[in-house]
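Residue numbers (our numbering), protein chains in the order written: chain A, 31 to 487; chain B, 31 to 487; chain C, 11 to 257; chain D, 11 to 257.
I should point out that these hints are in silico values taken from the structure, not numbers from a laboratory.
There may be inaccurate statements among the hints.
[As the list claims (entries may be wrong)] Okay, derived cross-link-like pairs now, SDA-like style, lysine to any residue, Cα gap no bigger than 20 Å in a straight line:
#, chain 1, residue 1, chain 2, residue 2
1, B, 453, C, 54
2, B, 143, A, 441
3, B, 92, B, 78
4, D, 230, B, 89
5, B, 159, B, 475
6, C, 175, C, 164
7, B, 159, C, 163
8, B, 376, A, 46
9, A, 478, D, 111
10, D, 142, D, 228
11, B, 55, D, 18
12, B, 461, B, 32
13, B, 83, C, 190
14, C, 172, C, 125
15, A, 478, D, 56
16, D, 142, A, 163
[Claimed, not checked] Far from chain C, some chain B residues (derived; all Cβ distances over 12 Å):
#, residue
17, 58
18, 61
19, 232
20, 309
Even glycine gets a Cβ: it sits at the ideal position worked out from N, Cα and C.
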Amino acid sequence: MAKYTSMAYQSAEEMVFGTAKFPVKYGRDFEVGAGFVYPELVPHPRPGSEETKKSLVREYEKMVNDVLERCVQLGFPGIQVELEHVYQMTRNPDWGGEIAATTKRLMEDYHRKYGLKSAIRATIADYRKPDEENMRSSSALGNMLATFEASAAGGADNLSIESMGGKEISDYAIVRQDIRGVLFGIGVLGSRDVEFLWKQIVEIAARHGATPGGETDCAQANVAMFMAGGYLDKSVPHTFAALCRAIAAGRTLVAYEQGARGPTKDCGYEDPIIKSIAGVPISMEGKTCACAHADMLGNLVAAVCDLWSNEAVEYHDMFGGTTAAVFTEILGYDVALMNTAIKMGKEKDLRDIMINSDKYRDTHGFILSPDNAYEIGKAIVTNADSYYTRSRAAAIKAAELMMSDQRLALSEFEKNTLDTMYKTLLGLPDKEEDFIGECIPVYQKLVKGFKPSNYGL
Amino acid sequence: MAKYTSMAYQSAEEMVFGTAKFPVKYGRDFEVGAGFVYPELVPHPRPGSEETKKSLVREYEKMVNDVLERCVQLGFPGIQVELEHVYQMTRNPDWGGEIAATTKRLMEDYHRKYGLKSAIRATIADYRKPDEENMRSSSALGNMLATFEASAAGGADNLSIESMGGKEISDYAIVRQDIRGVLFGIGVLGSRDVEFLWKQIVEIAARHGATPGGETDCAQANVAMFMAGGYLDKSVPHTFAALCRAIAAGRTLVAYEQGARGPTKDCGYEDPIIKSIAGVPISMEGKTCACAHADMLGNLVAAVCDLWSNEAVEYHDMFGGTTAAVFTEILGYDVALMNTAIKMGKEKDLRDIMINSDKYRDTHGFILSPDNAYEIGKAIVTNADSYYTRSRAAAIKAAELMMSDQRLALSEFEKNTLDTMYKTLLGLPDKEEDFIGECIPVYQKLVKGFKPSNYGL
Amino acid sequence: MQFLDDYSGIFVRYDLRRERGEAKAVVADDVIMQQVIECVVDGDTDNIESVVKKALETKDPMDVISALVKGMNEVSRLWAEGVYYLPQTILSSDAMLAGIEICEVKMGKALDKKGVVITHTAEGDIHDLGQKIVNALLRANGYEVIDLGKDVPVDDVISAVKKHKPAMLTGTALMTTTMTAFEKISKRLAGEGMALPFVCGGGAVSEEYVTGFDMGIWGKDASQAPLMASDAVSGKNWRQMREKYNS
Amino acid sequence: MQFLDDYSGIFVRYDLRRERGEAKAVVADDVIMQQVIECVVDGDTDNIESVVKKALETKDPMDVISALVKGMNEVSRLWAEGVYYLPQTILSSDAMLAGIEICEVKMGKALDKKGVVITHTAEGDIHDLGQKIVNALLRANGYEVIDLGKDVPVDDVISAVKKHKPAMLTGTALMTTTMTAFEKISKRLAGEGMALPFVCGGGAVSEEYVTGFDMGIWGKDASQAPLMASDAVSGKNWRQMREKYNS
Ligand code: B12
Ligand code: B12
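Use the sequences and the hints to build the structure in full.
Written out as structure tokens, the structure reads:
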């Protein structure tokens, strides 16, 4: 399978928000990565509204209208709305399709009336259960593909997914600080499943003139980051979570090797690495996704973004309007700041301010700081023999970066964890087949329901 | 009464976020305007919790704890919490007092455990009814003063208020586009009531070693701005709302002439003008107060702030935690960006980016852009004969600025409104006594319940 | 400070793009009536008195009144089409009401109103601006408004309803901590066996909340009040009105 | 790119300031038991088997088990004091459980559990990580866990409760659109005349929501599960437990 063997950018210094090597154009006068950053608003339906198709469609109609109206009220030039499917929308393909169609109709009204630029991302819910079903032929998979079709037909401009491949292993490994398991679950199994899925998504997109958008390792790297949490949490060491993230880059990259063109999926925190390699426009989330989850790189993560997202906010009333309108407003001003900087020729000043805000706040911000992300990207493209070799190389590079920068303060415990993980990584086989051969029996014994055949093994 | 006759700053260029001419120190290692910007988080209790003292105190305990915990989780150096009284907290002075004490206890815990810097602002609810009661002797006033005492005794570091003087007139005038009435209600009556109130607040603060904080013309200028709304609203012309704001600066300024030292009250959008004259640290709100209300200067309004606020957010759960924690996170990263810029020596670059984002988005951003705010400030200090003369001068200057800058696009309707208002302003008497003499009979006839004696007239 | 000349990509002035409705078009049978109408359309509160008095020298009071109302209808159209803003509307209504008062004096009797509406702002809440606008617009449309003012205790609302038997009751609240009074009012009214459309509005008040208790109808914008009042007067019950305005 | 050397004023590394609890302190009567304990404390799943087998050559299985448990208690202390993170705890529990299994074989009978707990992740929801942690911690503390897995239909939960009569039921949901199943379960159980503590947790699940239906007790963190289970086993009813954990 063809893999990236070179970087899209000459250097990290070249990377900045608003511009990508390969801009993407779709929707209503909407172009991403072509010089401006746009907000991406993700609204979530209220509990109960998912009970019938009618009530769910109505819910989306209200939410999307609030988003578009607030844009016009405040003068925002354009916006992307993500339809992040709740289970019911993918379980019933026609639901997802009709919601996409309704969203498109509203967007066309606002475009006609005011010239508001807009686009739709449909993110299908991957509800396959790796440890319970056959991931390459289950009915869940059938529904997912049918929903991609229905969404594209309905008017989705960008097709995306948060896929699950390797999750049964990574779930086991992350809570046991088992870096080998993470490498196997994310780097090998995850990558293989992404390859399997995206072949088909790209094909569906092509058939409907939609754009194959983005993948994310939410299922694995975000679990680790999420559990690592803040300064007071004691669930997963932050250095370990950072290694999971580096490994995830190799997995997410597969989607773009299969033909996905971005903008990438907002919750893929590994995307700065992806952008350095693939040059696709990336959607990121940080401080303004606090409504969805906390992270420790709220500003830094915007440094090289092309879309800026809130990840997800449930629809409710606030003093200032509905949450959909409120977060549209915050995102809209966030990107207005970035776009103003661009127009003033100060975008790199603002980028550097964002970076310095969080580069040494925590390990995640550290490895995703564009300079370090770029280094990890280089480790990936120069170790392209296999999914395994490049993921492992990414982890080793991330570890070395963390160990070598004195400005990154680490507690004793974090340091020790990092050292142990680093040694383990170095001790692993060099060839993918050897690694796979070593892992399969081990994890078949440890993880109930793990079936290598789910990954063509 | 002594009035400001000179500017605190040599030029607008000198003004920037994080630094004020006269920093204020209080609370737990908390200093405002001394080189860094801090977040100011304002939580609001859920409906129902106000029914008993016990439930309301408990509600605040939870909210404040969520705020402080999120600060430590993410590494924020410090925060101010505003206790913006709901009716019941001022109506029952001991409620306000106990809530301040509870907040202080929690803050001391976090300061001891982690060294988190913190401070408390208590904003008493002014629930006097100008058109129904004697504002200088009503029981409401009695409760308000008692609540200032109780709050200061309980541990409030900063005493603030959104006062009501002149509201009966401005409410009548704003919806009728009657600029004379606005000048009378805000510039004259409002200023006189602020003088009356702040003499007493300053005295109470002194007695308890608390800091007399800030005033705001929320009652009047915010009504106008709020009703002017966005591009689609047709309630109050945006040029008219901007004139109301300029007039409000003269009114709010009185508090500082009476001894208030700031940081000012977040919802006083007129504060950039105040800072240019008085040099006090100012608390501002913009994009991250979208939870409370929309405004059209989300970034610009942060350009010269010293505290950065969310105005108010009701306590509820979101995916990412409670609203109190979520908005603490967003504000915290907003100020981290500003503080990083300061450390990098790029604060004026960031300031200018903020300004250019909104200076020409709408009239409010235009007149509050530091350069224009400074000009309006000069008009105020050079026309200091009376509250009336300086407020009128501020309005005339604001009008001239709007008329003379070609980059500020205005619809025909807005232009005409502005011209008419400008002519009216020029046609008004030069002396305060003449103006008052002209207005009293007119508004006694038009506004039921208006009593000049409420203002010592 | 550095300033840009070109703001494209940062914001779009959608307000300038919007097409305006056609300008005022007032038609009257003769000059003086024309002046009466214009006084209303222009919200000319200074001259309305003299003009109406002049008209009454030759015209029947009822005809003058219908001219005043005609002017006000034109104003409503201009507002609806976005030519006028709220203040123009309120000034016109001030003018019209002043004119009508003069005609009533001449007739020696008050014009009978379309119906009675009681308005109030919730107990503990002094945010009465929305209510004031509602009052103005209802009066402009010929309803008798009984204004209970702001911070009105639940008891006072109940007894006022008993006393005046209004076609509709309205409540304004801008604080979630005061709007809870509306639910109490609804329960009390039901307890007393009364049922009428209770339109609640105000910044903090959500459709979700208001449609959660009996009689509650959510009012999004003050401009809806007159239409709601006419529905109430013409006998629609609160369920029908909720169906119409809240779904 | 320009980088700062001094970050004071931008962020504070509170994590470095925190005082750590004292390090491991394990005490055993003799060498081999000491090794057993250390295997658990170090979460040494590779050597636990050989060490326990060696111990069993000279020791009574029940004594070895209590050594294993002793080690696990030490681990819980280290976790509570912030010396250990979750993974250390889970690995230790893996080791302890492996050791116990060997002892049970030797005894020829299974150790009787403290009680039965049924866990599940809500219908339509595949976010089962929280549940997996809960499972591990309950097992580590000697409870029999009946793991219904993820995306479990309401019916299956009901029939499992009927069949196994657990002391406690747990549910995990990370989506507000799936947590609604918990309320249905509560109603169904009540309908069938059953009442037991139903602890619900998961990112999207709020105390407000869970305490809104009968039997519901809100679980903030998986680490609470063992204590909650022991309360349930020792006969506390759901009201008492809600009182204890949710107020
Ligand atoms: C101006 C203002 C004030 C002014 C009020 C002036 C006045 N005469 O009303 C003053 C300064 C007095 C004030 C005081 C306070 N305020 Co105040 N205030 C505001 C502000 C900025 C604007 C409100 C306003 O006038 N809007 C314009 C009017 C026209 O809008 P409206 O009333 O909603 O009406 C519109 C619609 O709702 C509708 N409508 C309304 N009623 C009806 C009825 C019917 C029948 C229909 C059909 C339609 C309808 O029509 C109107 C449009 O056409 C809001 C901000 C906000 N987000 O709302 C805060 C706000 C309402 N205030 C708030 C607070 C907390 C206070 C204080 C407690 C602050 C303090 N500690 O001093 C005190 C209140 C004391 C008390 N006991 O009431 C909070 C309430 C928070 C909460 N818990 O809900 C808000 C939301 C600000 C915030 N985000 O924190 N406030
Ligand atoms: C990782 C993750 C995933 C992974 C799940 C991996 C796994 N094995 O669980 C994957 C990628 C599969 C996933 C998929 C989806 N996800 Co998801 N996901 C997350 C994420 C980032 C982290 C969740 C997590 O694992 N946290 C770590 C665990 C340990 O925490 P926890 O489960 O809450 O458990 C803790 C406590 O709650 C407690 N606890 C939990 N249960 C119990 C029980 C008891 C008895 C006790 C005492 C305590 C307790 O203990 C634990 C701590 O010790 C969240 C973000 C967030 N804000 O939650 C989104 C999130 C939950 N996902 C979300 C969504 C929308 C989805 C998808 C629909 C997206 C899509 N379109 O593909 C699909 C779901 C499809 C489906 N049908 O379920 C939304 C849910 C929004 C909503 N409506 O509520 C969230 C909130 C993200 C967001 N902000 O939008 N997701």
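So which of those numbered hints doesn't the model satisfy? Violated: none.
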